[in-house]
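Please build the complete structure, drawing on both the sequences and the hints.
Chains D and S supply the protein sequences, listed in that same order. The first sequence begins at 3 in the numbering used here and counts up one residue at a time. The second sequence begins at 49 in the numbering used here and counts up one residue at a time.
In case anyone wonders, no lab produced these hints; they're calculated from the structure. Worth double-checking, as some hints may not be accurate.
In silico contact screen, one side only, chain S against chain D (beta carbon under 7 Å); selected entries [what the hints assert, rightly or not]:
(1) R56
(2) V61
(3) M67
(4) Q85
(5) Y107
(6) M150
(7) I152
(8) E153
(9) A155
(10) F171
(11) A178
(12) A181
(13) L212
(14) L213
Each computed DMTMM-like pair below joins lysine to aspartate or glutamate, with the alpha-carbon atoms no more than 25 Å apart [claimed, not checked]:
(15) S:K162 / S:E99
(16) D:K185 / D:D248
(17) S:K162 / D:E12
(18) D:K228 / D:D155
(19) S:K162 / S:E179
(20) S:K162 / D:E15
Beyond 10 Å from chain S on every Cβ pair, some chain D residues (computed) [said to hold, decoys possible]:
(21) E12
(22) Q16
(23) T86
(24) G273
Please read all numbers here as calculations on a predicted model, not as lab measurements. Note that the Cβ used here is the ideal one computed from N, Cα and C, for glycine as well.
If you want the building blocks of each chain, they are given just below.
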Amino acid sequence: MTGFRQALGEIAEQGPPVGGMAERAIARARRRRLGLFAAPGATVTAALVSVIVLVANGVLSGGGEREGTMRLGATQTVTSMGRTPEPLPARGVPAVMMAYTVTCPGAGPRWQACSQWRLVTTDMRQFRVDDAIAPEVRDGSLEHQGALAVAADGRRVAYFRSDGRFVIRDLARGGVESPFAVKRADLREVTAHIAWSPDGRRLSVSFDPADDDRPTTLAARLVDLKTMATVTLPLHCCVLGLPAGDAPIPMYDAYATEVGRGSLLLVGDDGAVRRRLPIGEIERSSVFSRHPGNTAVAADGTRLAALLWPDRPPDDRGHHVYVPELTTFDVARGAMTRRHALPRFQQVMGEAELLGWRDAATVLVGMRYERRGVYRVNADTGETHQVVGLTAQPERLSVAYGLL
Amino acid sequence: MDRYEGFREFVTVRGPALMGTAYLLTGGRHQAEDLLQTVLTKMATRWRHIELDGNPEAYARTALYREFVSWRRVRRNHELPQAELPERTAAGDLQDAAVRRMLIEQALRRLTVKQRAVLVLRFYEDRSEAETARLLGCSVGTVKSQTHHALQRLRLLAPELGELLPEAAPMILGGER
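As structure tokens, then:
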């Protein structure tokens with residue numbers, strides 16, 4: 003037996019060197035945490051992108067289904083197979099129902115040129131947004147995601163241009179406003195998150211440290227969309243959603259504290275912190291609660307929805323299975339009010355994201371890798387219906403949440 | 049504070065040993081790299097929780113074995129090395145460590161995933177049957193029967209190894225659940 007053990011030891015020594023595995027593991031973990039992780043080779047090939055829109059005829063009628071069930075409406079396909087859409091016209095564009103990114107796998111100018119943001123209008127046309135910073139891929143890894151968000155009514159889009167200017171573009175009238183700019187180099191180091199209020203009165207931009215855990219130097223901004231006045235918010239990250247009117251803005255000090263010591267901040271239009279609610283218990287009992295894409299605040303600001311991945315013990319086969327839970331919080335009390343397991347969204351972590359509240363009872367959940375599409379989920383019952391299907395694997399997705 | 053503080057050091061110190069185990073389990077350099085990379089990525093993702101628990105080594109080993117069992121179940125059809133055993137070797141050749149190593153490696157590759165994992169845990173890591181059962185998420189009875197079958201099969205595949213191999217414990221009827 004000693005000889006057998008010795009021989010096994012000798013075989014083990016023939017294993018390959020560990021090399022840069024720690025760094026690769028950290029890079030992948032960061033991308034998972036940011037909701038970016040895809041299997042190697044899963045990057046979208048731009049030439050073969052199509053979007054299937056499932057018309058939601060009657061999808062919401064009837065109701066009564068149990069949580070986690072899905073029904074599909076009739077399908078209608080808008081395709082851009084084998085060709086790049088036309089550039090976005092300067093004006094006269096109907097409302098946009100969604101925006102998504104196309105990322106190309108190669109390097110160099112040819113591939114970079116095919117990475118782009120695309121808009122899908124309510125009449126099913128697609129346009130590319132040439133001046134928006136597009137996702138950048140380097141050595142097969144996503145270096146930067148770009149940032150673009152569609153207003154709740156689909157009539158405006160906001161994005162960072164390649165010169166670092168943040169612009170708000172009225173699609174029908176063609177007006178372009180630019181309330182502020184950041185250095186292009188600084189933008190490369192962060193993931194920007196843009197949130198529109200449902201009434202179109204204000205907009206926020208917060209900055210997630212894309213490849214680091216330290217706060218960035220870029221402070222989050224709040225923009226008054228009537229005056230284009232900009233207020234600096236108390237943290238760089240993260241605005242968890244923007245309610246209508248002047249309801250307090252929920253922020254999370256995700257990167258300023260350690261797990262278990264986090265707080266939910268309620269911030270006024272002037273950038274002052276009105277209240278601070280500890281949410282360490284929630285942090286300790288869940289995985290990936292930090293990403294702004296996992297939260298959305300209701301239009302009246304009273305309810306916060308969050309996709310949480312409770313930290314569960316392995317199953318009887320030893321596998322860690324993470325089932326996301328749609329959890330709602332009473333913002334005023336900082337207390338959890340409801341939670342619904344969404345077993346249909348069981349997945350590799352980091353894929354599902356909350357896209358916003360469609361109405362007072364329904365949130366929209368986006369899936370970008372598996373079961374790709376947009377789903378309506380009733381926050382009170384957990385009832386789930388798919389409303390949009392995607393054949394592409396966008397790195398980022400934004401929807402006009404009032405239109406879906 | 050760096051979310052991954054301590055993770056790099058952990059991989060530097062314990063990575064080679066984990067890689068050795070991964071190589072023993074998979075029998076291939078690329079497969080070993082894939083397996084360990086998968087486990088390390090999962091660990092990095094949950095590093096703060098793992099570090100708070102205070103035993104990352106135990107977590108890594110558990111994850112390694114369980115990942116291996118589930119991973120190979122999915123991929124075995126196209127990833128198992130299929131090298132044939134060499135011609136019968138003269139007993140004297142076993143004095144040559146390289147020949148002995150090659151024989152064991154090739155015989156190991158022809159065991160089932162669980163048999164292989166059981167042998168590595170019991171005879172390389174020197175784990176008890178109870179520990180092996182816990183790590184693999186199965187019963188002690190299963191560990192006993194898998195060990196028995198694995199050693200029997202090794203003797204069948206490579207009779208030259210007979211003297212090297214530990215005695216297989218007798219099977220107890222009803223021991224496997």
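Which of the numbered hints are not met once you compare them with the structure shown?
-> When the structure is compared with the hints, numbers 2, 5, 6, 9, 11, 12, 15, 16, 21, 22 turn out to be violated.
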